[in-house]
Amino acid sequence: MSPLILLTFLTGNGLFSPGLQSQSTKLNSIKDLQYDGLPEVSYKRILTDEDAQKVRDQLGYIPCNLVSVAARRSTGDPLVLRTYPLNGGAKRRKLKAEGDLTPFPTHYWFITSNPVSKAVSALEQKGYVAKFESRLMDDPDALHSFIKSHEGYATERWDSILPEHKAYIESHSSSSRMTQMLQYSGIAGTDFESFSPLSEESKPASIKCLHAHYAHYRSQIEN
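Here the sequence shown is numbered in this note's numbering, starting from 4 and rising by one per residue.
Hints are computed from structural coordinates only; laboratory data are not their basis. Each residue gets a CB set at the ideal place from its N, CA and C atoms; glycine is no exception. It cannot be assumed that every hint is accurate.
[What the hints assert, rightly or not] Straight-line distance between alpha carbons at most 27 Å, and here's what the computed DSS-like set of lysine-lysine pairs gives:
1. 134 / 211
2. 211 / 129
3. 121 / 169
4. 134 / 57
5. 211 / 151
6. 121 / 134
7. 47 / 121
8. 151 / 169
9. 121 / 57
10. 169 / 47
11. 206 / 129
12. 134 / 151
13. 47 / 57
[Claimed, not checked] Pair by pair, the computed Cβ-Cβ distance ranges are:
14. 141 / 61: 34 to 40 Å
15. 52 / 206: 46 to 52 Å
16. 64 / 206: 21 to 27 Å
17. 158 / 77: 25 to 31 Å
18. 192 / 61: 19 to 25 Å
19. 206 / 175: 28 to 34 Å
20. 202 / 52: 45 to 51 Å
Make the full structure from the sequences, and use the hints.
Right under this line is the structure:
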């Protein structure tokens, strides 16, 4: 699905202004994150104390793999979070991993406790997923844009992984499925390569989650 398709509906309902850009914030805290069971490397969490508190207020906790805020609401509150693709999610997931690498394919995490999320949910409830899928079947240009969005998402996610972590993953044969997921799956973990008309076993394009597509779109126009 071309993100512009979703944008058309959201803009038409006054839910998003194309001219809105994320508000700049002064960086006042940088925190190093380290994971047990990984090589001795760390990545930077770039998050202001104010944003950290707003994320905590909305989610109830700070995701252990949170990197930065990728997009904001018109109020300036965080709307989309950029995450590190390993050992993320709720704290219980990290505890369950017990030091093992756990893939986290959601590179752009849409915060759902806000009016924008409710508006996207309303579109899903009104059957727009099926409408968009029908558009993809009938419009080759829309399908091409849809596939390119998935390709871009997969590339951004894989490129964000530190070289030491990539080497760790690729050196373990048991991690082949994880590598496939992190490097080649698209938005919401979609197997988008099967949608290509050039695929030997091409199948109709499907959309898993409008929230995930909108999160990716917003992260692209605000960075």
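The hints, checked one at a time:
Under the criterion of a C-alpha separation no larger than 27 Å, the hint pairing residue 134 with residue 211 is consistent with the structure, at around 13 Å. Restraint check for residue 211 and residue 129: satisfied, since their Cα atoms lie roughly 15 Å apart, inside the 27 Å limit. In summary, the hint linking residue 121 to residue 169 is not supported, as the alpha carbons are separated by about 36 Å, beyond the 27 Å threshold. For the hint linking residue 134 to residue 57, the alpha-carbon distance of about 34 Å lies beyond 27 Å, and the restraint is violated.
For the hint pairing residue 211 with residue 151, the CA-to-CA distance comes to about 16 Å; that is within 27 Å, so the pair holds. A threshold of 27 Å between alpha carbons decides the hint, and for residue 121 with residue 134 the separation of about 19 Å falls inside it, so the pair holds. Simply put, residue 47 and residue 121 have alpha-carbon atoms about 31 Å apart, too far for the 27 Å limit, and the pair is violated. The suggested pairing of residue 151 with residue 169 holds, with an alpha-carbon distance near 24 Å, which does not exceed 27 Å.
With a C-alpha separation of about 18 Å, the suggested pair residue 121 and residue 57 falls inside the 27 Å cut-off, and the hint holds. Taking the CA atoms of residue 169 and residue 47, the gap is about 17 Å. The hint holds against a cut of 27 Å. Restraint check for residue 206 and residue 129: satisfied, since their Cα atoms lie roughly 24 Å apart, inside the 27 Å limit. Between residue 134 and residue 151 the CA atoms are separated by roughly 20 Å; this keeps the pair inside 27 Å, and the hint holds.
Taking the CA atoms of residue 47 and residue 57, the gap is near 19 Å; set against the 27 Å cutoff, the hint holds. A hinted range of 34 to 40 Å holds for the C-beta pair residue 141 and residue 61, which are about 38 Å apart. A hinted range of 46 to 52 Å holds for the C-beta pair residue 52 and residue 206, which are about 47 Å apart. Between residue 64 and residue 206 the Cβ separation comes to about 38 Å, which falls outside the hinted range of 21 to 27 Å.
Distance hint for residue 158 and residue 77: a CB-CB separation of about 29 Å, consistent with the stated range 25 to 31 Å. Range check, residue 192 to residue 61: about 23 Å between beta-carbon atoms, so the 19 to 25 Å window is met. For residue 206 and residue 175, the hinted distance range of 28 to 34 Å is satisfied, since their beta carbons lie about 31 Å from each other. In this structure the hint that residue 202 and residue 52 lie 45 to 51 Å apart at CB holds, the actual value being about 48 Å.
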